[in-house]
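Visitor: Each chain is listed here by its residues.
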Amino acid sequence: MRRQFQPFASGGRRTIVGILVTFALFSALSVTLSIWTTKGSQHRAAVVEVAARQRTLAERYVKEILLARAGARVDPQQTASVMAASAGALLNGGTAPAVWGDDDETTLPAASGTVVRRQLEQERRLVSDLQATGSSVLAGRPVAAVRLRAHEHLKATSPIDRLRVLSALTSNVSLNAARTIAAADDQNVNHLIIVQAVLGALGLLVSLALGWVLIVITRRKTEHFRSLVISSTDLVLVLGPDGCRYAGHSVGALVGKDESALLGYGYEAFVHLDDRPALRSAAAHGGPREVVFRMRDQSGEWRRLESHLTDLRQDRLVRGVVLNSRDITERVELERQLTHQAFHDTLTGLANRALFRDRLEHALAHSERSGQRLAVMLADLDGFKQVNDSLGHDAGDQLLREVGRRFSRTVRASDTVARFGGDEFAFLLENVTNEEVIGLARRLLDQLALPIVTGGRDVALGASIGIVLHTAPGSTSEELISQADVAMYAAKDSGRGRYELYCPEMAKEVGELLEIEQELRLGLQRGEFSLHYQPELDLESERIVGAEALLRWQSPTRGLVSPARFIPIAETNGLIVALGEFVLRQACTQAAEWRKAGLVADSFVTWVNVSAKQLDRHGFQTVVQQALAEAGLPAGALGIEVTESTIIERGAATDHARAELADLHRQGVHIAIDDFGTGFSSLGQLRHFPIDMIKVDYSFVQGAEHDAKDAAITANLVNLAHALGIVAIAEGIESPGQLSSLQSLGCDLGQGYLLGRPMPPDQLEGFLSQRRSRLVDGKAVA
Amino acid sequence: MRQRFSLLGLLSVLAAIVVFASACSGGGQNAAGGATVVRVNERDFRITVSPARIHAGNVQLVVHNGGPDTHELILVRSRARLPLRADGLTVDERVLEHVTAASVDGAGPGAVRRDWLHLSPGRYELFCNMAGHFMAGMQAELVVE
Ligand SMILES: [Cu+2]
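Sequence lines, in order, name chains A and B.
Numbering that gives the first Met the number 0 puts the first residue of the first sequence at 0, with every later residue one more than the last.
Numbering that gives the first Met the number 0 puts the first residue of the second sequence at 0, with every later residue one more than the last.
These aren't lab readings, by the way, just hints derived from the structure by calculation.
Just to be clear, a hint being listed does not mean it is correct.
[As the list claims (entries may be wrong)] Stretches of chain A that chain B covers, calculated by requiring three or more beta carbons in the stretch to come under 8 Å of a beta carbon on chain B:
1) 111 to 120
2) 147 to 159
[As the list claims (entries may be wrong)] Covered by chain A, per the in silico footprint, the following chain B stretches (three or more residues, Cβ under 8 Å):
3) 39 to 49
4) 59 to 70
5) 95 to 109
6) 113 to 127
Just so it is clear, CB atoms sit at the ideal spot from N, CA and C, and this is done for glycine as well.
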């Protein structure tokens, strides 16, 4: 088992070891010094005792001489020899003999120190002089003849006086030698104490300094690494030339193993086979800066980790590449889900209109190059509405799913089947001949004719199919689809269960487009257009914080026409620009009136829908500025709603639209993304765009109450918005249940029939003044 | 750099020596203050005085013990013969109390002691009164004129 690499512990450990070693060194030095210093003092007590004893011996010797001379039986020679032997032992070391039989022989070391040795030498000389004089006295020889060696010039003439003087001199020098030895000892001890104190202080200082230096060095070295590892909650791996050198706790927790299991090449067991070479290469080369790889978590699922690499191979402490990884599995999954959602019909799983258009555009581009033919087919189920009405929505949904399955089975794998909503299906067929297309249309009708069991009944359906073959270059996808639509209506007109191939005459025959277009122009002049306003409420305080302006067309011939009907037509012929200007001016004027009347707070925002076509026209900004200026409305009271597709992936047009919106945003105009969650490919793209609000599409909102998936997506969208600092508003709230679901999901604002239908301005004024008291209260509190 | 450091060190050491030396010598002159310096050397068992003949006035006594034994020094205006105690080994200092001019305590070998006195004319005896030392020859004479 490899040892866990511990970048922080090693520094601390080294510091502690350094301090301990320093202490040990100084302690050893101190003890050595103590031993060395005290070694000489070991026999001091004995030395002092023997030195002091000499005085007694000298006096005793004189007494014994006197006694002996008086005839007593004493042996002064014995005393003299003990005294001489002791003096010799004191000076040069050796055994000092026992005296009086009651003490033991004493072994002495040789005297050290110049002063002591000189005094002991003098003592020896004096002992010798004393002994010589004593012997002369005993022998009756004249004492003046004794040759004295200790430089004494004795004044006394009597032998006894001479003896007593010599004895006193001997005693004196013996005691002084003993004192010198003791004093030297004291001095040694004093020195030792000072040396120990100094050593101790030095040791402490050096240890502290060393510790400090080590800490500073270690900290400096680990600072960078620390910032990488500590500051993030990321999954941290350090990969070196011999595999993983360090694995953070969170990585261990992810794979459900102790981190030590990841060391060396242990980590590779958890890394996806396809990703292992990338990691090895990253470890070997210190790059690239970003790596995405998969790791198997403890439940055996692959987690997708996005790693940021920091090359610390040259760092002595790390010697590897540091990977700071984030688990992006959920994010990728959400993106995938949303992308799928954006391009697929949730009911049947078929492509939706957006994906169909995308494929059609690609196919068109391809066909222009290759010259291959392609065909677009639209099929509208006959009699579906009746089934839906009589058997219920569930039966209708079941029916649509089955139709989708049958259509998918019938076409070639390379063909695209889409559901455009309701009971309308579309087909994109590439590289086909007329005959093949017609054959397919027949087969589709045959499939539908087979009964479908739903709601306990056999249902057989028919369909009207419109076909357009793309032959003339230069047609756009919109043109092809609308031509197929024309052909489909023609098929319906000529009796159900049929298919029709588009021909230009058809359009003229139908002519509706032109009619509507004409009526639109007239309608604008005659003032048939008006704005209705739908209130937007703060879901928490239930205050009205804004309104969406919705365009209405009351045609004298057609009655109330749905925007879904006339807006696409207006978009194809440029009328949308005039309509858009009308909406902007009208909304600004209205909002300014409300503000002047004190019906709305300063923060009240009036929202206007703007289409991609409007934005693409140069000078859109000027139109907005003029509308604001004419109405006297501050920019902050106006909001612009655009669809996701307007600002995403339309090439140069996107850039232009974005720039226009960014400019307006800078001037204070609010920007919102409409139908959010239905048509974008990457969440990341929103990050770089100035958005104040996203509108969560009504399809999620209506599912939020009962459908866990819709609720999860709504919650994710709201969280995403909040993460980006954006307000989230839910569209199409129709039931109290939906409202409370959205409130609990943390959605900021709401809009829908439950909270207020779109209404003419005078009606909204009533609505506002009804709530005005609450509004004023809210303001007062804030 | 290193050279400059050592040069600096050398200079500072030199400066210290000069300051120290001048302080010492200056101190000596000041302390002597015109006093006559009398150097007394003691050793086992002899005392020498230099100079042995001085003029009356202020005297600085500088006593050096050459060892090996410990010695003291007593300066008395002497009579002909110094009186001994009953033990016959030491001078009876009590009798000499009123003529004692200076008394320098005993010190080990190598010690230098100083004393400042005012000496009037007369004959002075210097001696060490450690047991037996006077009797062993530690006596000298100083004449003040
Ligand atoms: Cu003496």
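Visitor: Looking back at the hints listed earlier, which ones does the structure fail to meet?
Guide: 6
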